[in-house]
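Go by the hints and put chain L onto chain D.
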Amino acid sequence: MSVAAPARPAGPGGAPRPPVRRGRAVRIGPVSALLRWRQLAVPAAGFAALVLVAALSMGRGDFPIGVGEVLRTLAGLGEGPQEFIVLELRAPRVVVGALVGLALGVSGALFQTFARNPLASPDTLGITTGASVGAVAAIVLSGSTSAGALLGGLGIPLAALLGALATGALLFGLTWRAGVDGYRLVLVGIALWSVGTALTDWLLTNAEIYDAASAYVWITGSLNARTWSDALPLTVAVVVLLPLALAASRVLTLLQFGDDTARGLGVRLAGAQTAVVLLAVGLVAFAVSAAGPITFVALVVPQIAVRLAGGARPPLLASGVLGALLVVGADLVTRTLLPQALPVGILTAAIGAPYLLWLLVRGRRRSTV
Amino acid sequence: MTELLPRARPDAISEERVRLAAEHVRLAYDEQVVVDDLDLELTEGSFTAIVGPNGCGKSTLLKALGRLLRPTSGQVLLDGRAIARTPTREVAKVLGLLPQTPVAPEGLTVGDLVARGRHPHQNWLRQWSRDDEAVVAEALSWTSMSELADRPVDALSGGQRQRAWISMALAQGTDLLLLDEPTTYLDLSHQIDVLDLVGRLHAERGRTVVVVLHDLNLAARYAQRLVAMKDGALVASGTPAEVLTEQLLADVFELEARVITDPVAGSPMVVPVRRLR
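Residue numbers (this note's numbering), protein chains in the order written: chain D, 1 to 369; chain L, 1001 to 1277.
Hints are not guaranteed to be accurate.
[Unchecked claim] With a cut-off of at most 20 Å between alpha-carbon atoms, the simulated SDA-like pairs for lysine to any residue come out as follows:
| # | chain 1 | residue 1 | chain 2 | residue 2 |
| --- | --- | --- | --- | --- |
| 1 | L | K1093 | D | L269 |
| 2 | L | K1093 | D | D259 |
| 3 | L | K1093 | D | V251 |
| 4 | L | K1093 | D | L254 |
| 5 | L | K1093 | D | G258 |
Hints listed in this document are in silico derivations from the structure and should not be mistaken for laboratory results.
One chain only, chain D, in its complex shape (with noise of 0.2 Å):
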């Protein structure tokens, strides 16, 4: 080695140098984290605005009731019927609503890490269409056939369930070749969605009208006349994935790199991609099969999120709560201030759309803090 070049001064005087990094280092004990605020304060906000929201829904409907009211029979503070209505009649309804849409952004968030594309979601990835094509056959056939008639006694969201966790098994086989990889992932699931789509319409052409009617409603997406006993496999699905995906948010920051790069930072790659698609698959299914197909939620939430918190991916806990602010907030429009209540689905991507599109325009995807 002959050429040496000559030591660099560890940094000039002049301009004020930049902190290594934006932020504020928690550190205590061996604990240590670096905290941004507004990753911080998108999610607390989208929380508080969801509570919100929430109880403004609960009060509405034919015996409205105020916010305050709501929050003090919320609290425990209730009384006769006024509780009644609230805890059993109007709450299922908006927790279903909540963690339909918690459950749908991280899972959105989840493949557009993982793919490194914001147009995977489990809506253009086929998971959702799996899932309709479960539910449109349980409707659909029970009456016709004795496969039929087995799959309308397993209930509608036990199929769609079943429809999803088998579309997302054969996403999750026909990408696999010594690992995922992003772009693969979106081709092969654009195949399933298709394929999905056109097995739905094939139902549906066949169904009497009544069954197409109803099935129809489903595949919109509907938070319709749901029961506590709806949001119990959802809940469990979510207290027990999310906390996994959150976990997971250490090594998704390197996923995003390519392959070699996430490989030489230590990363077992194989391992790590299975884990993060199972996690997202899991989510949208049990998502589904609670609420139907509510479109769009995965897709936009994730990438309003991350312009809204900053940062270089899709934020997993903002994008959740977001989405249960979006599925909330348009379930609450629809019943109140138009003129007929519509499916919840319908208005998600009404609203969700120019939403993005707003943000686009603006173009602050840059600005961290």
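For chain L alone, kept in the frame of chain D given last:
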């Protein structure tokens, strides 16, 4: 800071100690064999450049040395232990690598990128310790990137970007460093800039460096040892003067060339005449 300075005394380096070795390695993509029965030993504190024509398997070999590609037969040993059976996190504390065209997610800042280099040393509780911060600050300062720490990586020029990635590899604190064509797409002055940086890592920090390079003159100038490959086999290995002969250039690169002495560095310098055949 000890993690950034693996050895306080560079003279403590034992130059006979083999850090990384390929033993009868056979490398293939699906059915296509790219490298067959290759042996290579890389000793502590060495600076090796792998050269060879396009498609000779040099990048493939580097991938295998960095456990990104599993040999179909034979094995790669890191400090005498089979790299395939060593936990990848442990490997990541000893061996850092820079892929040919690394991609950073959109909007990621330089500081955040370099901080990712600390991943093998962190865990769920320890996400940004004082040590991490000190090492990242020093890695940034060492690569003259401190002032740009707040810039998004995608807003940097090619030369700055490569510095940022080298800074990340530096923050990883490994004493082995594998670089796959780190000068690709850079103009000559930035190529020199990047290689000077790598040279200083080797000379001042005692890093063991393996680099795949296209430019023979730069390889001869910076590396202590050249390894020449052709058609997936190792054809020559030694000092630049031993390897870069007119005969070898004809055999390996199908190039008629004169080899003169680089007037600046004293290393051999290739002056091409024409392509043979």
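Quick rundown of the hints versus the structure:
{"no.": "1", "hint": "K1093(L) <-> L269(D)", "result": "holds, 16 Å"}
{"no.": "2", "hint": "K1093(L) <-> D259(D)", "result": "holds, 18 Å"}
{"no.": "3", "hint": "K1093(L) <-> V251(D)", "result": "holds, 16 Å"}
{"no.": "4", "hint": "K1093(L) <-> L254(D)", "result": "holds, 16 Å"}
{"no.": "5", "hint": "K1093(L) <-> G258(D)", "result": "holds, 19 Å"}
Violation of the numbered hints given earlier is absent; every hint is satisfied by the structure.
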